[in-house]
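Student: Sequence:
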Amino acid sequence: MNIFVGNIGDRTTEDEIWSLFDPFGVVYSINVAYDKYSGRSKGFAFVEMPDDSNAVQAIKELNNSVVNGQTIVVYEARPKPERPENNRFSRSGPRPGFRPRY
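All residue numbers for the sequence shown refer to our numbering, where the first residue is 197 and numbers rise by one.
Incorrect hints may have been included.
Below, computed lysine to aspartate or glutamate pairings styled on DMTMM-like, alpha-carbon distance capped at 20 angstroms [to be verified]:
#  : residue 1 : residue 2
1  : Lys256    : Asp231
2  : Lys232    : Asp248
3  : Lys238    : Glu272
4  : Lys232    : Glu210
5  : Lys238    : Glu257
6  : Lys232    : Glu278
7  : Lys232    : Glu272
8  : Lys232    : Asp218
9  : Lys238    : Asp211
10 : Lys276    : Glu244
11 : Lys256    : Asp206
12 : Lys256    : Glu278
Okay, the calculated beta carbon distance ranges per label pair [as the list claims (entries may be wrong)]:
#  : residue 1 : residue 2 : range
13 : Glu278    : Glu257    : 20 to 26 angstroms
14 : Val262    : Lys232    : 18 to 24 angstroms
15 : Gln253    : Pro280    : 27 to 33 angstroms
16 : Pro280    : Asp247    : 34 to 40 angstroms
17 : Lys232    : Asn260    : 16 to 22 angstroms
Source of the hints: derived by calculation from the structure; they are not laboratory data. Note that the structure is a prediction, hence the values are computed from the model and not measured. Think of the CB as a built atom: it goes at the ideal place given N, C-alpha and C, for glycine as much as any other residue.
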């Protein structure tokens, strides 16, 4: 199960998140989103656990808990929604403001 962990501090590390989830069972991976300019956390991470029952237990116990002085939010990650293709060549008809040269 893929788990979303939100509202983590900007200095929270993968090791700190690992120590939160490790008591609930095996953790496959932890992916903290970092800002590419500052190198600090963007405030959320994803944790992958193979056993759904352990993951559900971790979500129940860790949601709204305080980590590094901040109340974190923990829930099952939802799939990323499909976004429409943003390709200027895939549209039918002229673009707004388009005028033929002749």
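Student: Work down the list of hints and note, for each, if the structure agrees.
Tutor: To see whether the hints hold, each was checked on the structure:
no.: 1; hint: Lys256 to Asp231; in the structure: violated, 28 angstroms
no.: 2; hint: Lys232 to Asp248; in the structure: violated, 32 angstroms
no.: 3; hint: Lys238 to Glu272; in the structure: holds, 19 angstroms
no.: 4; hint: Lys232 to Glu210; in the structure: holds, 16 angstroms
no.: 5; hint: Lys238 to Glu257; in the structure: violated, 23 angstroms
no.: 6; hint: Lys232 to Glu278; in the structure: violated, 24 angstroms
no.: 7; hint: Lys232 to Glu272; in the structure: violated, 26 angstroms
no.: 8; hint: Lys232 to Asp218; in the structure: violated, 27 angstroms
no.: 9; hint: Lys238 to Asp211; in the structure: holds, 16 angstroms
no.: 10; hint: Lys276 to Glu244; in the structure: holds, 16 angstroms
no.: 11; hint: Lys256 to Asp206; in the structure: violated, 23 angstroms
no.: 12; hint: Lys256 to Glu278; in the structure: violated, 28 angstroms
no.: 13; hint: Glu278 to Glu257: 20 to 26 angstroms; in the structure: violated, 33 angstroms
no.: 14; hint: Val262 to Lys232: 18 to 24 angstroms; in the structure: violated, 28 angstroms
no.: 15; hint: Gln253 to Pro280: 27 to 33 angstroms; in the structure: violated, 38 angstroms
no.: 16; hint: Pro280 to Asp247: 34 to 40 angstroms; in the structure: holds, 36 angstroms
no.: 17; hint: Lys232 to Asn260: 16 to 22 angstroms; in the structure: violated, 30 angstroms
Violated hints, in rising order: 1, 2, 5, 6, 7, 8, 11, 12, 13, 14, 15, 17; the structure is consistent with all others.
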